[in-house]
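Residue strings, one per chain:
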Amino acid sequence: MVGPTASLTPLSRADGSASYQCPSTGSNILGSVNAPIELPGRRDALRPEDATVEVFVKPGTAPGGVGERYVEGIIKNMLTKLILGREKGYARRGVVITLAIVGGESVGRGDSYLTLLPALLHTALLALLSASVPLSMTFSATVLAVDASGKITREPSPKEAATATSLHVFAFSSNGHLLLSESQGPFEFKTWENVHQRALAICHGTLARSSDGDVAMAEDVDGQPLEGALREVVEDKIHLDYAWKIDAP
Amino acid sequence: MNKEAPLSIAERDFILNALREDVRLDGREADQFRPLNVSFGEEYGHVKIQLGKTSLIVRISSEVTKPHDDRPFDGIFTIALELTAMGSPAWENGRQGDLESYVSNVLDRVIRHSNALDTESLCVLKGVSCWSIRADVHITDYDGNLIDAACIGIMAGLQHFRRPDAVVKDGQVIVYGVDERVPVALNITHKPLSITFHTFDEGKRVILDATRKEEQASEADVLIGLNNAGDVCYISKFSGFPVDAMVFVNKSSVALEKVKEINNIIDKALQADLTKRAKTALVEESRAANDR
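As they're listed, the protein sequences go chains A and B.
First residue of the first sequence? That's 1 in full-length UniProt numbering, and the numbers climb one at a time after it.
First residue of the second sequence? That's 1 in full-length UniProt numbering, and the numbers climb one at a time after it.
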């Protein structure tokens with residue numbers, strides 16, 4: 001299984017940005033984060049002590065519609081809980097996340113965004129890290145398709161997703177806690193259990209938890225766990241940025 | 001917000017005084033473009049434009065729809081440009097600003113209304129079905145001269161794009177997949193591009209391809225849209241200080257030269273991409289897995 005490729009801070013105007021490509025679904029997402037920025041008045045009236053998170057999903061080849069607004073809601077709900085909006089300088093400010101689908105097949109009118117959701121979430125996370133927005137934890141997400149025979153496909157292509165009976169998106173925190181579970185189509189509870197197990201293995205590898213709660217990541221059929229892949233992208237970038245300091249005698 | 005942070009007075013004066021001595025901030029000549037890079041993605045009609053620090057992505061897509069009732073022989077061509085917070089923190093998501101409507105209007109005038117894409121060739125069955133071509137412009141970095149960059153992107157995209165083949169059989173429209181039949185290139189009648197000039201010092205200094213800071217310091221802009229043959233399809237002097245009529249006369253010949261230059265760059269990039277595609281296609285075809 002080929003892991004995703006991503007790069008941090010490809011753009012110069014935005015505070016933080018990330019580009020993310022998932023080879024199996026073929027999606028290519030460009031994300032940018034502007035934070036903390038001044039928002040026009042009255043939008044922060046409800047929670048003056050917290051930052052306002054705004055998510056905008058821009059489809060690649062179609063005008064935005066209900067589908068985008070819905071997936072924006074899912075991403076926003078999840079990220080609002082991770083972003084430490086009460087940190088110094090963030091209260092009453094905005095964290096504006098813009099995600100543009102710049103490559104791969106577009107989601108058809110009225111189709112669900114579940115196949116793209118993990119890519120969107122990962123892009124948002126990397127862009128937030130690139131903008132140095134304080135977060136309480138990182139996460140990784142994956143999408144799984146279950147077909148009529150009960151076979152589970154990891155990160156299905158648009159064609160595979162169309163023939164699947166049910167689609168499931170899971171996001172796990174860096175400690176392996178379930179953060180998000182979105183499903184579509186009919187399925188039994190047992191199927192969900194199976195899919196959940198598989199998703200956890202994809203994101204974190206086969207779990208081997210040591211006594212101090214640390215999660216050791218191991219590779220298996222799914223290749224490198226996603227959590228590790230994302231971590232490596234950030235590590236590489238930091239290594240590159242601090243080369244002057246690291247290599248100095 | 002929806003407005004870039006204004007320049008300080010000192011910065012404005014610095015740019016202006018430097019221009020009076022024929023010096024630009026980035027060391028360019030007055031009639032010189034920033035380095036332009038045109039690259040194509042994997043799909044047809046996916047173009048990345050990098051003009052100095054301004055960068056954008058254009059995606060062209062097609063679908064079969066019903067033509068407008070009053071124009072049964074014409075296909076539909078739309079240019080969709082939406083400014084998001086990605087390009088500049090000053091732009092607000094989901095809210096149309098002045099710049100957005102201005103740029104969309106100019107792009108419509110230069111490319112769509114000059115009939116660069118022959119919409120009649122998009123007709124499949126009179127009054128029943130036609131192709132709808134959509135050009136989506138995603139601005140990823142904004143550092144001035146959005147209009148010219150977007151124009152280059154859309155024109156390169158239209159020339160690069162291939163739509164699926166469609167055939168009418170016994171009154172039925174059959175659309176062949178990209179792997180069933182060789183997809184068809186769009187019918188481009190001419191290749192118009194816009195060239196933007198900015199004036200300074202009461203119209204005495206005129207520069208080409210201004211960066212964001214130069215744009216902010218300028219007094220007025222002059223826009224000339226023309227094609228390789230020198231046919232002017234759009235001229236505008238949208239706002240700001242008055243500009244001498246001779247500027248239009250003199251600068252249109254400069255613009256023509258630039259349009260030819262840029263069209264050359266686009267053609268070269270297209271050729272390079274086509275030969276690359278032809279090679280990979282041959283490799284695909286000669287693979288052992290295929291029938292012979």
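Hint data in this document are derived by calculation from the structure and do not stem from the laboratory.
You may find that some hints are simply not true.
[Said to hold, decoys possible] Under the rule of at most 25 Å between Cα atoms (straight-line distance), these lysine-lysine pairs were calculated in the DSS-like manner:
#1 B/Lys260 / A/Lys237
#2 B/Lys268 / B/Lys213
#3 A/Lys237 / B/Lys53
#4 B/Lys260 / B/Lys53
#5 B/Lys66 / B/Lys53
#6 B/Lys48 / B/Lys276
[What the hints assert, rightly or not] Pair by pair, the computed Cβ-Cβ distance ranges are:
#7 B/Asp231 / A/Ala248: 37 to 47 Å
#8 B/Asp108 / A/Pro40: 23 to 33 Å
#9 A/Asp247 / B/Asp231: 34 to 44 Å
#10 B/Asp98 / A/Ser157: 52 to 62 Å
All residues carry an ideal CB built from backbone N, CA and C; glycine is no exception.
Hints, one by one, checked against the model:
Simply put, B/Lys260 and A/Lys237 have alpha-carbon atoms about 40 Å apart, too far for the 25 Å limit, and the pair is violated. Straight-line distance between C-alpha atoms of B/Lys268 and B/Lys213 comes to about 31 Å, which puts the hinted pair past the 25 Å bound. With a C-alpha separation of about 21 Å, the suggested pairing of A/Lys237 with B/Lys53 holds against the 25 Å cut-off. Only pairs whose Cα atoms come within 25 Å are accepted, and B/Lys260 paired with B/Lys53 is accepted, the gap being roughly 22 Å.
At roughly 40 Å between alpha-carbon atoms, B/Lys66 and B/Lys53 are farther apart than 25 Å, so this suggested pair is violated. Distance hint between B/Lys48 and B/Lys276 is fulfilled; the C-alpha atoms sit about 17 Å from each other, no more than 25 Å. Between B/Asp231 and A/Ala248 the beta carbons are some 60 Å apart, a value that contradicts the proposed interval 37 to 47 Å. A hinted range of 23 to 33 Å for the beta carbons of B/Asp108 and A/Pro40 is consistent with their spacing of about 29 Å.
Between A/Asp247 and B/Asp231, the C-beta spacing of about 57 Å breaks the proposed range 34 to 44 Å. Taken as a hint, the range 52 to 62 Å is violated for the pair B/Asp98 and A/Ser157, whose Cβ atoms sit roughly 42 Å apart.
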